[in-house]
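Q: Next come the chains, spelled out residue by residue.
Number of protein chains: 2
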Amino acid sequence: MTFSIAAAAKAAKKAARGYSSLGSQAKNALLTEIAEQLIEQKEQILIANQKDLDAAQENQIDASMQDRLRLNEARLKAIRDAVLEIVQQPDPVGEISHVQQRPSGIRVGKMRIPLGVIAMIYESRPNVTIDAAALCLKAGNGVILRGGKEAIHSNLALAKCIQVALEKHQLDPNVVVVVPNTDRNVMNELMTLNDSIDLIIPRGGEGLIRFVTENSRIPVIQHFKGVCHLYIDKQADLQKGLSILENGKTQRTSVCNSLETLLVHQSVAETFLPMAAAMFNNKGVKVHACNNSIRYFHEAEAATEDDWHAEYLALEIAVRVVDDFDHAVEHIGLYGSGHTEVIVTQDYSAANEFIRVVDSAVVMANASSRFSDGGELGLGAEIGISTSKLHAYGPMGATSLTTEKFVVYGDGETRG
Amino acid sequence: MTFSIAAAAKAAKKAARGYSSLGSQAKNALLTEIAEQLIEQKEQILIANQKDLDAAQENQIDASMQDRLRLNEARLKAIRDAVLEIVQQPDPVGEISHVQQRPSGIRVGKMRIPLGVIAMIYESRPNVTIDAAALCLKAGNGVILRGGKEAIHSNLALAKCIQVALEKHQLDPNVVVVVPNTDRNVMNELMTLNDSIDLIIPRGGEGLIRFVTENSRIPVIQHFKGVCHLYIDKQADLQKGLSILENGKTQRTSVCNSLETLLVHQSVAETFLPMAAAMFNNKGVKVHACNNSIRYFHEAEAATEDDWHAEYLALEIAVRVVDDFDHAVEHIGLYGSGHTEVIVTQDYSAANEFIRVVDSAVVMANASSRFSDGGELGLGAEIGISTSKLHAYGPMGATSLTTEKFVVYGDGETRG
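Residue numbers (UniProt numbering), protein chains in the order written: chain A, 1 to 416; chain B, 1 to 416.
It is possible that some hints are incorrect.
Unchecked claim - Label pairs and their calculated CB-CB ranges: (1) A:327 with B:63: 58 to 68 Å; (2) B:411 with A:286: 28 to 38 Å; (3) A:26 with B:326: 16 to 26 Å; (4) B:254 with A:252: 51 to 61 Å; (5) B:96 with A:59: 48 to 58 Å.
Hints are computed from structural coordinates only; laboratory data are not their basis. Ideal placement from N, C-alpha and C gives every residue a C-beta, glycine not left out.
Just chain A, same shape as in the assembly (with noise of 0.2 Å):
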């Protein structure tokens, strides 16, 4: 038998519009059950993630690739204990806000409503298929899964939980669709069909990211990059500056709220740069400088247009004197991703100021940007970070899977 995308999403499409009505008992009486299969049918799932092991190890594919690929018992419990906090956030479904009373007579709100069905596309890590399940789930809606063809056995262990769990809790299993091939024609299928299919969230690399969003019908949650800016203001706190500089770049180098480029106000790069340029040097930071800073560091190299733009994602950074606020804003409207921008000062005027004006999905004032994720900023489980401003913009967590309808309750109005 072979595989239909359209028929599955087609199945995925009326299952949703049934689960989309659940309450939160038993949406996270799902979860829990999912979270419990997941230990329940461990060895069939470890024994699936070493078929994919071997595979890779027989493809050549390179170490850190097959590390994100890999499943043990405790990498299992994290993914399990992930389920079960988003057991306990709370079910962004049904809230009625923004009540008003018209002239009319009736009363208008809106209300909190599940978006329909997602499609997940991902690379390697199969802890996605879990993950972006649960958060579907939890906000009511279904899910198509398509994960990378390295981690193939695993995502299908992993689905059988899912199954299982919707199994026993009587609930149409076509909730959730793992795709179970990774035929490229299956997906350029997929994103065709938006009369099923209400949202496409790729995560993975900008290649991948950049072919979704130029082929699909369906609209897509965008994430490039994340070229992150540390702006310090000439009324900065230096030792703040320096402390979040330091978070910034070198607490973990890999992801996407790291910092990539300092911009230093002209009229205090003579005291603060020697500071950053000896915390570099203690942390091994490479630098690329502009003209106007390259002197205050050891070995760093002059800083191109590339720099400017440059995701080091590595102990790397760009910097850069700017002559005032204004031109550190510009220098950001330019060259910043859209993700996370930081301005350190203790002007008041300065940080409203930048936070009005600097059009980035997180615009911090004092804090590093490291604190740019789901978790911390409050959003509970992340299920990917948006740099495009539609529907939603920045780390989006079960809230950016739903949507509003109005609700109007009347009394027999009828309009003149």
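Start from chain A and add chain B according to the hints.
A: For chain B alone, coordinates are given in the frame of chain A:
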């Protein structure tokens, strides 16, 4: 000099970046100037409009379209008044909400910001040129306006009012682009400019909307059709039901929030359908009735599957007797277009359940579907109605032309 949509969109993006942080007063002053220019330049506008009308007559364009195209002094004043109303509306931009203190010490909130650049693609009504520009500008956005070829002279004359106002207020004129020709290639290129344009709102027939959806790389707001349902429940107040039916079907037929299908609970069919039949007879409404209701009507036709899908936009209605509440909801789920649905009932639980489970943009209890527009729902002027769920669902006012970014107020916090 040939017009380049790519260059215009790029310039609009740059101009919009500056315009986005303009305060409410400055934006309102600009809008007021546009309103004044409409009266100041009325002669040139009416001369240009006459050119379009002459061409329309020459090309034997149908009378209703010619009427939509026609401007006169009264209509110009109405367009001006609509702009002045937008001036009076609150500015959605800048609002900070959901501020919370996180365990790390940072305070996190969401701030409402403009979307960026919005492209409107529309057909013959020239008033859209001003309405859409005013709403986009109110919300801090740049706008690209591509009207139909029938209205090109009118649109360019109206555009002049906007350009003069922008110049008088020393604002970058590129923030509003009126595409100076109606070349299909220009529109096709526009739909690929996802680096400069954030959202496309097509307003017109289903063909236009489908074409844009299938070809755009930019997110599209879709409004296919309004197949609105009225369900008369077992516990309905039948007098309320009758006046809501009459208002919904007959007050104005050519609009998307008029009723197209009447569903009646079997236990009240015998009482309610003769009341409905008398009103339909009186108002000249043609009926397409199911097997169980046809006997109540004088000259009804038997309803076919097509009737359940029909958007008549005329004095015509489909009528079906349903077994119960669930059957009504199922019918709406199957045949509804996601626009507006109404239940008439005195049963508290049924009213709330209908509002909860029906998956349309506007769901009402005991009120006329004709209230389903931006003005009546309290949004002020409306730029369109979305029947797809991403970003906006239902009537869209100025707030729907914005998004939210995260703002973080820290005091030197770093991540552990």
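Q: In ascending order, which of the hints set out earlier in this document are inconsistent with the structure?
A: Violated hints: none at all, because every hint is consistent with the structure.
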